[in-house]
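Given the sequences, and given the hints that come with them, work out the whole structure.
Letter by letter, the chains look like this.
2 protein chains.
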Amino acid sequence: MVFQADDYIPNISYDSVIFGFSGEKLKILILEYHNTGTFALPGGFIRKDEDLDRAVKRGLSERTGIDQIYLEQFHTFGALHRSNPAVMRRIFEGQGIVMKDHWIFDRFISVGYYALINYDTVSPKPDALSDSIGWYNFDSLPELMQDHNQIVEKALEHLRNHLDQKLLSFNLLPEFFTMKDLQQVYEAILGENQNRANFQRKMLGLGILERHEKLYSGGSHKAPFLYSFRKVKSDS
Amino acid sequence: MVFQADDYIPNISYDSVIFGFSGEKLKILILEYHNTGTFALPGGFIRKDEDLDRAVKRGLSERTGIDQIYLEQFHTFGALHRSNPAVMRRIFEGQGIVMKDHWIFDRFISVGYYALINYDTVSPKPDALSDSIGWYNFDSLPELMQDHNQIVEKALEHLRNHLDQKLLSFNLLPEFFTMKDLQQVYEAILGENQNRANFQRKMLGLGILERHEKLYSGGSHKAPFLYSFRKVKSDS
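Chains S and G, in that order, are what the protein sequence lines are. Each residue of the first sequence is one higher than the one before, starting from 136 at the first, in this note's numbering. Each residue of the second sequence is one higher than the one before, starting from 136 at the first, in this note's numbering.
If you're looking for bench data, these hints aren't it; they were derived computationally from the structure. Model, not experiment: these values are computed from the prediction. Some clues are possibly wrong.
As the list claims (entries may be wrong) - Distance condition first, Cα-Cα at most 30 Å in a straight line; then the derived DSBU-like pairs of lysine-lysine:
id : chain 1 : residue 1 : chain 2 : residue 2
1  : S       : LYS289    : S       : LYS315
2  : S       : LYS366    : S       : LYS160
3  : S       : LYS289    : G       : LYS289
4  : S       : LYS192    : G       : LYS289
5  : S       : LYS337    : G       : LYS160
Claimed, not checked - Only some residues are given here: those of chain S computed to face chain G with a beta carbon under 7 Å:
id : residue
6  : ILE144
7  : ASP186
8  : THR211
9  : ALA214
10 : SER218
11 : ALA221
12 : VAL222
13 : MET223
14 : ILE226
15 : VAL246
Beta carbons are placed, not taken as given, at the ideal position from N, Cα and C, and that holds for glycine.
This is the structure in structure tokens:
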């Protein structure tokens, strides 16, 4: 894979933090570059002829095989020394490519995007640059290249601060779910246990849930109610 | 003023939305380019040797004379056709400069920053490129160049969604203020009247206000309480 200078905007990249959840721990999708021991967020560059948002979707699909997910921009990282040419060289050499000069060794300002998906619903595939791709628990991430660990922290901060508003955008829960399912989402993302009664009161107060007469059929004596997200009217 | 290609990162700019408030309407700081009738947000470019955040502070100071304010990044605008070379040409020609090719006519991805200040405390000065600089009411903004009107909308959306958290960061109110002063800030920014009792309850519920025994000395029979923001502990 060679990145032709004429095809891409120089000095701008994107990095994506793909959070995965499936009823238990919060995980993050990480690539490992060939023969380098270098771990990184899936990222890439913007073609001269494409929108930034479009570039991120295309790039993520090319690098991870993951498609059709809701991505949200959260912050742009522009510190002067965030890029590390030595790391980029090592990645290329891991591919057996030795280059003296390349626009990829320049300074990059990187636009951060994140997504939150149910990781049971996707099968990420590593691209040609990578040995492996996999889900890592947030609390035991490997050391990532450049400022990628900081990018993860900032993405998580954003996700935590906006979880109430974003719940509907992320296709994280099945159509019908229990209050306990929802509580597990919050506990995994906020990283702390929630008081059951307070949590239920808060969630109902948001006005985004619909309670159904149908009960969870798990055979429990006290079958819990099922909820779904209220349909949002398109004109509101 | 000539922008040397060697000094700046190509294809990346910033635009800043400076909201002003002083007890009444929400205003926005707008520049008018020489002899062109072109109105714009204060924006600029990033030097190859400076942090993005630093570039925005420097550039804003150079373009408006405004310094030492709290700026916050809110969104990066990367649509393919957001830049309009014809407008940039007109701005240069307004300066009596005719150029065939220049990196400034390329496509730009722009990082948006905003600030909220008391406009009585600053004296903006137009830079060499501009005829004038001034505060415009949000509800009667002129048509701005490129996608700057959309940038303003997005900044306002961000400000409205984060006002509770950001109140302390913006030096908008004097040390001691009344609940009515605070309500005026919210009404100007949210663009709608607030119920006095509900507003007071909500504000006190945020836990960021300290009520003082000292009363407002305006001579009214029912002197209102004065409030200040609770000091935030540096270790929290």
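- Item | Non-conforming hints, listed in increasing numerical order | Of the numbered hints given earlier, those the structure breaks are 5, 10, 11, 12, 13, 14, listed in rising order.
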